[in-house]
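Chemist: Listed here are the chains, written in short residue letters.
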Amino acid sequence: MTAGTSAGAGTLQAQGLSLVYRTRRGAIEALREVDLHIGAGEFVTLLGPSGCGKSTLLKIAAGLLAPTSGEMRIGGEPVREPRPDIGIAFQKPTLLPWKTVLANVVMPAETLGQDMDRARARGRELLALMGLEAFAGNYPNELSGGMQQRVGLARMLLRDPRLLLMDEPFSALDALTRETLMLELQRVWMRDQKSVMFITHSIAEAVFLSDRVLVMSARPGRIAEDYRIDLPRPRTLDTMTQPAFVQACAHLRQHFVGPTP
Amino acid sequence: MKRLLDLIYPAITLAVVLAAWHYAVILLDMPDYVLPDPLAVWRALVAGFQDGTLWRHIGYTLYATLAGYAIGSVLALGLGALLAESRTFEKFVYPVLVAIQATPKVALAPLILVWFGFGIASKVVLVVLICFFPLFVNTIVGIRRVDPDLIDACKAFSASRWYLFRHVKLPAAAGDIFAGLQIGISLALIGTVVGELVSSEAGLGYLIGSSAVNMNVSTMFAAVALLAVIGIAGTEAVRLLHRRVVFWEAERAERTRTTQA
Chain Y
7 MTAGTSAGAG TLQAQGLSLV YRTRRGAIEA LREVDLHIGA GEFVTLLGPS GCGKSTLLKI
67 AAGLLAPTSG EMRIGGEPVR EPRPDIGIAF QKPTLLPWKT VLANVVMPAE TLGQDMDRAR
127 ARGRELLALM GLEAFAGNYP NELSGGMQQR VGLARMLLRD PRLLLMDEPF SALDALTRET
187 LMLELQRVWM RDQKSVMFIT HSIAEAVFLS DRVLVMSARP GRIAEDYRID LPRPRTLDTM
247 TQPAFVQACA HLRQHFVGPT P
Chain L
858 MKRLLDLIYP AITLAVVLAA WHYAVILLDM PDYVLPDPLA VWRALVAGFQ DGTLWRHIGY
918 TLYATLAGYA IGSVLALGLG ALLAESRTFE KFVYPVLVAI QATPKVALAP LILVWFGFGI
978 ASKVVLVVLI CFFPLFVNTI VGIRRVDPDL IDACKAFSAS RWYLFRHVKL PAAAGDIFAG
1038 LQIGISLALI GTVVGELVSS EAGLGYLIGS SAVNMNVSTM FAAVALLAVI GIAGTEAVRL
1098 LHRRVVFWEA ERAERTRTTQ A
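In order, the protein sequence lines correspond to chains Y and L.
Residue 16 in the working numbering sits at position 10 of the first sequence, with consecutive numbering throughout.
Residue 959 in the working numbering sits at position 102 of the second sequence, with consecutive numbering throughout.
By construction, these hints were calculated from the structure, which means they are not laboratory data.
There's no promise every hint is true.
Here are the simulated SDA-like cross-link-like pairs (lysine to any residue), alpha carbons at most 20 Å apart as the crow flies [claimed, not checked]: (1) Y:LYS98 with L:LEU1007; (2) Y:LYS105 with Y:ALA134; (3) Y:LYS98 with L:LYS948.
Computed, partial: chain L to chain Y, Cβ under 10 Å [what the hints assert, rightly or not]: (4) ALA959; (5) ASP1009; (6) ALA1013; (7) ALA1016; (8) SER1017; (9) TYR1020.
These numbers were taken from a predicted model, which means no experiment stands behind them.
Glycine included, C-beta positions come from ideal geometry on N, C-alpha and C.
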């Protein structure tokens, strides 16, 4: 690591993170005393049922929510507002329908007042990476759901962020598109060695993509297990049929079957 | 071309109604002061255009309608946007405006005439009042109902408050804003005519009122026909603009049209 980068650029660290939502019908404890660490270049997945607070955790990392207590640090600095060095993708493509595909991809540069010519050149590169260079001038609703999600991924990568926050980005897609995008994400991740905080409720997706899977328990959300996946990279669709893969899935599934404690 | 062909069907209906009207007047021997022959209405129109009186009335009505519509719409958009963005402003102003909205503005016509005189200013004021509220309410509703995920996505990429307003909320509300503009244009014409009927020096509403005194029913019909043409032209113009500007919601623009009709 060079002297210029702060201690562990792209790392994410949560310490004693709790969050209580106040609603009309009383307080809801979304997170309780969550500790987690994502190292530089590490792909970490938060796996859990819906309502376990994994999206809340991601929103805190994105600077969209402030924790009730505890601290979230990215690259060693406490998160107080959305940071310019992260990329984010959501379950929905969340594209602006009145902007072209390219204009959507360069939005993260526009909001920071960066050089737009350079941003557009970079945006075209990323669209090419996603196989969408021909659609730069189209509007989002002229694209299929899978293509829109790819545009969202290109937008996430625009600022060349050190840390990616991904909230169930493939869950609204059909199985075939999902597999293709999983492979693409792995390819991009292996090429650029970014840190990733990935959220899903799909066990197979978690095992396929991750270095580590953090299993979350529901309400209040806590980390129930920190499970390392040691499958060799790059993983292919064949990986999913190997005993080690199946075994890892079976192990993780234990958390979600049987009588609830 | 297809749209032009579609016009043939209502044109046939209109021709049948006019023919039935013409022969009913002849067969039933209707006196002119109850129901004039459509040909008499046509002659009144031609005569009015030839001696220039109709042009003056049309100009007066158009001016009052368009000036009032423009002022009312600008006020409604500005105040609506301000109210949607500022909770403080909302607390002070919204209840008052709701109270005003509940009163039929037409009932204020005599008062406005007393205050602003019998000239064109009183008609403009009446139109401003009458077309303000639909657009005002639609602007607020439109801005408030922007997809919160879209807002979060842009915020996570460091979008400023101004960026969110200009590039996210305002375009997202455009469909509702145009629906308000469409209601506004038909209400604006009603406002002008009511003002002119109550008291005026010119205008198509004034022409209807003064022709009634003289039992000149042909001229009354001529003025009504002209108002219909102005009304149709106005709503069509706004609808066209709607489809052009809010191109990403083309289907929705069509739907507001049918609910208006």
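Chemist: With reference to the structure, classify each hint as holding or not holding.
Modeler: Now the hints, each set against the structure:
1. Y:LYS98 with L:LEU1007: 9 Å, holds
2. Y:LYS105 with Y:ALA134: Status holds; Cα separation ~19 Å.
3. Y:LYS98 with L:LYS948: With Cα atoms ~34 Å apart, LYS98 of chain Y and LYS948 of chain L exceed 20 Å; violated.
4. ALA959: Nearest chain Y Cβ about 28 Å off; hint violated.
5. ASP1009: Check passed: Cβ of ASP1009 of chain L comes within 6 Å of chain Y, closer than 10 Å.
6. ALA1013: Status holds, d = 4 Å.
7. ALA1016: 4 Å, holds
8. SER1017: 7 Å, holds
9. TYR1020: Nearest chain Y Cβ about 5 Å off; hint holds.
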